[in-house]
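Number of protein chains: 2
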Amino acid sequence: MAVGPGTLPDFFPVAGVKLGIASAGIKKPGRKDVVVFELAPQSRVAGIFTRNQFCAAPVTLSRQHLAQGAPRFLLINTGNANAGTGKRGMVDANACCEALARHAGVSTTEILPFSTGVIGEPLPVQKIVDALPEALANTAENRWDEAARGIMTTDTRPKGASRQVNLGGHTVTISGISKGAGMIRPNMATMLGFIATDARIAPDALQMLASELGENSFNRITIDGDTSTNDACMLIASGQYSGPEITLDSPLLPELRVALQQVYLDLAHAIVRDGEGATKFVTIEVRGADGQQEALDVAYTVAHSPLVKTALFASDPNWGRILAAVGRAGVDGLDLDALEIHLGDVCLVRNGGRADDYSEARGQAVMNREEITITIDLKRGDTTETVWTCDFSHDYVTINAEYRT
Amino acid sequence: MAVGPGTLPDFFPVAGVKLGIASAGIKKPGRKDVVVFELAPQSRVAGIFTRNQFCAAPVTLSRQHLAQGAPRFLLINTGNANAGTGKRGMVDANACCEALARHAGVSTTEILPFSTGVIGEPLPVQKIVDALPEALANTAENRWDEAARGIMTTDTRPKGASRQVNLGGHTVTISGISKGAGMIRPNMATMLGFIATDARIAPDALQMLASELGENSFNRITIDGDTSTNDACMLIASGQYSGPEITLDSPLLPELRVALQQVYLDLAHAIVRDGEGATKFVTIEVRGADGQQEALDVAYTVAHSPLVKTALFASDPNWGRILAAVGRAGVDGLDLDALEIHLGDVCLVRNGGRADDYSEARGQAVMNREEITITIDLKRGDTTETVWTCDFSHDYVTINAEYRT
Numbered sequence: 001m002a003v004g005p006g007t008l009p010d011f012f013p014v015a016g017v018k019l020g021i022a023s024a025g026i027k028k029p030g031r032k033d034v035v036v037f038e039l040a041p042q043s044r045v046a047g048i049f050t051r052n053q054f055c056a057a058p059v060t061l062s063r064q065h066l067a068q069g070a071p072r073f074l075l076i077n078t079g080n081a082n083a084g085t086g087k088r089g090m091v092d093a094n095a096c097c098e099a100l101a102r103h104a105g106v107s108t109t110e111i112l113p114f115s116t117g118v119i120g121e122p123l124p125v126q127k128i129v130d131a132l133p134e135a136l137a138n139t140a141e142n143r144w145d146e147a148a149r150g151i152m153t154t155d156t157r158p159k160g161a162s163r164q165v166n167l168g169g170h171t172v173t174i175s176g177i178s179k180g181a182g183m184i185r186p187n188m189a190t191m192l193g194f195i196a197t198d199a200r201i202a203p204d205a206l207q208m209l210a211s212e213l214g215e216n217s218f219n220r221i222t223i224d225g226d227t228s229t230n231d232a233c234m235l236i237a238s239g240q241y242s243g244p245e246i247t248l249d250s251p252l253l254p255e256l257r258v259a260l261q262q263v264y265l266d267l268a269h270a271i272v273r274d275g276e277g278a279t280k281f282v283t284i285e286v287r288g289a290d291g292q293q294e295a296l297d298v299a300y301t302v303a304h305s306p307l308v309k310t311a312l313f314a315s316d317p318n319w320g321r322i323l324a325a326v327g328r329a330g331v332d333g334l335d336l337d338a339l340e341i342h343l344g345d346v347c348l349v350r351n352g353g354r355a356d357d358y359s360e361a362r363g364q365a366v367m368n369r370e371e372i373t374i375t376i377d378l379k380r381g382d383t384t385e386t387v388w389t390c391d392f393s394h395d396y397v398t399i400n401a402e403y404r405t
Numbered sequence: 406m407a408v409g410p411g412t413l414p415d416f417f418p419v420a421g422v423k424l425g426i427a428s429a430g431i432k433k434p435g436r437k438d439v440v441v442f443e444l445a446p447q448s449r450v451a452g453i454f455t456r457n458q459f460c461a462a463p464v465t466l467s468r469q470h471l472a473q474g475a476p477r478f479l480l481i482n483t484g485n486a487n488a489g490t491g492k493r494g495m496v497d498a499n500a501c502c503e504a505l506a507r508h509a510g511v512s513t514t515e516i517l518p519f520s521t522g523v524i525g526e527p528l529p530v531q532k533i534v535d536a537l538p539e540a541l542a543n544t545a546e547n548r549w550d551e552a553a554r555g556i557m558t559t560d561t562r563p564k565g566a567s568r569q570v571n572l573g574g575h576t577v578t579i580s581g582i583s584k585g586a587g588m589i590r591p592n593m594a595t596m597l598g599f600i601a602t603d604a605r606i607a608p609d610a611l612q613m614l615a616s617e618l619g620e621n622s623f624n625r626i627t628i629d630g631d632t633s634t635n636d637a638c639m640l641i642a643s644g645q646y647s648g649p650e651i652t653l654d655s656p657l658l659p660e661l662r663v664a665l666q667q668v669y670l671d672l673a674h675a676i677v678r679d680g681e682g683a684t685k686f687v688t689i690e691v692r693g694a695d696g697q698q699e700a701l702d703v704a705y706t707v708a709h710s711p712l713v714k715t716a717l718f719a720s721d722p723n724w725g726r727i728l729a730a731v732g733r734a735g736v737d738g739l740d741l742d743a744l745e746i747h748l749g750d751v752c753l754v755r756n757g758g759r760a761d762d763y764s765e766a767r768g769q770a771v772m773n774r775e776e777i778t779i780t781i782d783l784k785r786g787d788t789t790e791t792v793w794t795c796d797f798s799h800d801y802v803t804i805n806a807e808y809r810t
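In order, the protein sequence lines correspond to chains A and B.
Residue 364 in our numbering sits at position 364 of the first sequence; the count goes up by one each step and never skips.
Residue 685 in our numbering sits at position 280 of the second sequence; the count goes up by one each step and never skips.
Read the hints as simulated data drawn from the structure, not as lab findings.
Treat the hints with care, since some could be wrong.
Heads up, incomplete: computed chain A residues facing chain B, CB under 7 Å, no partners named [stated by the list, open to error]: (1) Phe49; (2) Asn52; (3) Gly120; (4) Ala401.
Computed list of lysine-lysine pairs in PhoX-like fashion (alpha-carbon distance at most 25 Å, straight line) [stated by the list, open to error]: (5) Lys532/B / Lys432/B; (6) Lys28/A / Lys127/A; (7) Lys27/A / Lys87/A; (8) Lys87/A / Lys784/B; (9) Lys492/B / Lys379/A; (10) Lys492/B / Lys532/B.
Here are the computed distance ranges between Cβ atoms for each label pair [unchecked claim]: (11) Asn547/B / Thr384/A: 23 to 31 Å; (12) Glu650/B / Asp290/A: 31 to 39 Å; (13) Asp415/B / Ala365/A: 50 to 58 Å.
We put the CB at the ideal spot given by N, CA and C, even for glycine.
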């Protein structure tokens with residue numbers, strides 16, 4: 001199951017970013033499971049990585065390589081996460097980078113590796129190495145659609161976003177793809193995002209954008225509260241557009257930021273819509289918080305509550321469960337009499353209990369929708385935070401209980 | 406579903422503690438839904454209450470009355486939680502206490518009220534008041550069995566524990582009952598525990614015992630991570646036994662403590678075994694932690710992970726999910742190479758990855774059991790903490806999605 005149509009957009013090619021796809025047969029013969037990004041010289045890359053303490057070998061290696069200079073290639077494989085693989089995992093990840101470097105005539109540190117798939121199995125290095133010539137032979141700027149499919153694991157559909165904006169008289173193109181279906185499956189580890197633009201962006205501005213845009217999108221979605229060992233989201237700026245370099249104090253930065261943020265959000269939301277067993281796309285907005293931490297504590301406590309999520313699955317406007325989740329979010333001194341909770345445009349809770357004008361019929365009408373917003377106003381301050389999640393269905397249990405059988 | 410036989414013990418009566426049961430017809434006509442504890446004069450009571458910021462009216466009132474002196478009665482109703490009921494909730498809870506005080510000839514502040522059931526509906530005060538004469542007319546020391554049934558809501562079975570120990574030549578009796586089936590259902594709010602002993606215990610020792618024994622039992626179980634608005638656990642000491650008063654420095658205190666702790670644990674574990682949809686009883690032990698907080702952070706992150714819980718349901722020894730949960734528990738500087746994870750007596754993770762001597766067949770053999778222990782050794786310090794939980798099944802979704810329909 002998944003929420004909404006979920007069709008891929010018509011991708012705009014990004015000048016200076018070529019995509020190559022190949023089949024290494026890692027899990028299934030013939031399946032496209034290797035994707036290569038080939039970046040024009042002078043491209044810049046910044047990214048964010050999982051905060052899981054046990055990050056996978058490719059995450060460690062990508063971090064190291066990124067610190068040593070501008071990458072020329074991204075190498076992604078599905079079917080195997082190369083996580084929980086000990087010292088051998090690092091050797092294997094490096095061997096794949098070395099092979100690609102040799103074929104392409106660049107240095108090993110110019111390759112960023114990404115792996116996604118089963119945890120704890122040795123990476124089938126030779127299969128990946130053998131597939132590299134095929135991938136390199138067919139790189140082209142118009143293969144985003146195939147790349148979106150090539151990074152899928154248990155996703156039920158490919159995920160992409162693309163747009164062009166006018167930035168001070170110069171056309172900027174942004175295209176991106178993502179994958180992920182449980183906010184994480186440690187077994188099919190998990191979320192990846194690759195966003196490319198032809199804008200020329202100064203390194204510090206690029207890192208700021210990669211951090212902040214990721215924080216407001218991929219770091220605000222949750223399906224089951226787990227965090228993968230392999231999560232990564234990379235922002236590529238090829239610098240091939242006709243405009244000037246965007247720096248931290250550039251007047252064009254805010255506009256570029258808005259355009260990029262929309263692509264990040266589209267890709268992040270696509271993961272929630274394809275959440276394991278998802279039948280609802282749920283926006284949880286916490287307003288009136290006294291600072292970001294308490295806003296996020298309340299939002300995530302509601303978003304992760306199995307009782308709230310099963311009620312959403314049942315289209316049950318069970319405001320008592322939302323209220324109880326807010327109350328246990330660890331925020332001291334909440335004022336129940338001031339608190340307001342809305343479901344869509346229907347007020348559920350006001351003046352310390354069920355709102356006087358609430359009726360089950362009105363709550364039910366909102367709950368029946370496929371896209372639902374829960375707004376919680378703490379009336380304590382002026383901070384607002386939003387997270388996105390999905391419901392918790394029988395299919396979630398089926399998918400995760402039967403994954404290995 | 407539930408784990409184990411779950412039969413009630415033969416209860417030892419506790420001298421000075423009488424139980425009365427009545428039917429108020431709060432949700433269903435004829436159902437026993439009111440339980441009264443009548444305590445002999447000089448009895449002492451201490452307890453712990455929910456930390457949910459939006460605690461129910463009876464919790465607030467019980468806290469107030471407890472601060473004003475020794476209670477003579479506990480009044481428990483099921484079918485309605487009197488939570489999320491605003492100012493009216495306090496008026497209603499007080500009205501029930503006033504009526505019982507009038508019937509029994511004690512003061513209102515000598516009554517502790519407890520409610521459990523649906524959130525957000527007004528308490529049917531008159532029905533409860535009308536049932537009080539019946540409850541008071543039949544109080545007796547040998548009605549623990551009926552009381553255990555009388556405090557049930559969606560529990561599939563009553564929960565009790567009882568034992569006698571010899572304390573310095575004097576027989577001490579301890580009996581207790583509990584209820585709860587989701588670690589919380591904000592809708593059927595939720596966990597209650599009542600433990601009585603005939604020992605004479607000094608007030609400060611009693612409060613210490615109530616806090617610490619509850620902390621190590623009821624505060625170490627989790628079914629779905631939610632915390633009720635109505636949770637409460639009370640320890641009653643009637644003081645009718647033949648021995649001396651137990652004080653904080655009494656040499657008999659450690660032995661009494663051990664006996665009480667076992668009753669608390671039995672009652673807490675009974676709640677997990679009756680967890681909504683539970684098919685497994687799971688002990689999660691974190692060893693080698695550098696302090697209690699990180700031990701509990703790791704234990705609860707594993708215990709709450711929907712991916713770990715669905716794997717337990719499927720009897721799938723999916724060590725990657727346990728590993729990833731440990732890694733995201735928010736503990737900085739974990740050493741994957743030092744970490745060890747055991748499933749029962751089978752080592753899953755050692756030296757940074759799957760243990761060399763692990764085999765799927767050995768893991769599967771442990772997973773097939775109904776009672777499973779997961780041991781996580783962080784190898785950072787000498788703190789050990791244990792929490793208990795259950796698995797996450799289709800029935801959990803069914804029960805919580807269809808609760809109100």
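Here's how the hints hold up against the structure:
1. Of the supplied interface hints, the one on Phe49/A is violated, with its beta-carbon coming no nearer than about 13 Å to a beta-carbon of chain B, more than 7 Å.
2. The closest approach between the C-beta of Asn52/A and any C-beta of chain B is roughly 4 Å, which is under the 7 Å cut-off, so the hint is satisfied.
3. Taken as an interface hint, Gly120/A checks out: its beta carbon lies about 5 Å from the nearest beta carbon of chain B, inside 7 Å.
4. Taken as an interface hint, Ala401/A checks out: its beta carbon lies about 4 Å from the nearest beta carbon of chain B, inside 7 Å.
5. Between the alpha carbons of Lys532/B and Lys432/B the distance comes to roughly 10 Å, so the proposed pair stays at or under 25 Å and holds.
6. Of the supplied pair hints, the one linking Lys28/A and Lys127/A holds, its CA atoms being roughly 12 Å apart against a limit of 25 Å.
7. Our distance criterion of 25 Å between C-alpha atoms is met by Lys27/A and Lys87/A, whose separation comes to about 23 Å.
8. Restraint check for Lys87/A and Lys784/B: satisfied, since their Cα atoms lie roughly 19 Å apart, inside the 25 Å limit.
9. Of the pairs offered as hints, the one joining Lys492/B and Lys379/A holds, with about 19 Å between alpha carbons and a cut-off of 25 Å not exceeded.
10. Straight-line distance between C-alpha atoms of Lys492/B and Lys532/B comes to about 20 Å, which keeps the hinted pair within the 25 Å bound.
11. Here the CB-CB span from Asn547/B to Thr384/A is close to 58 Å, at odds with the stated 23 to 31 Å.
12. At roughly 47 Å, the beta-carbon separation of Glu650/B and Asp290/A lies outside the given 31 to 39 Å, and the hint is violated.
13. A C-beta distance of roughly 53 Å is found between Asp415/B and Ala365/A, which places it inside the suggested range of 50 to 58 Å.
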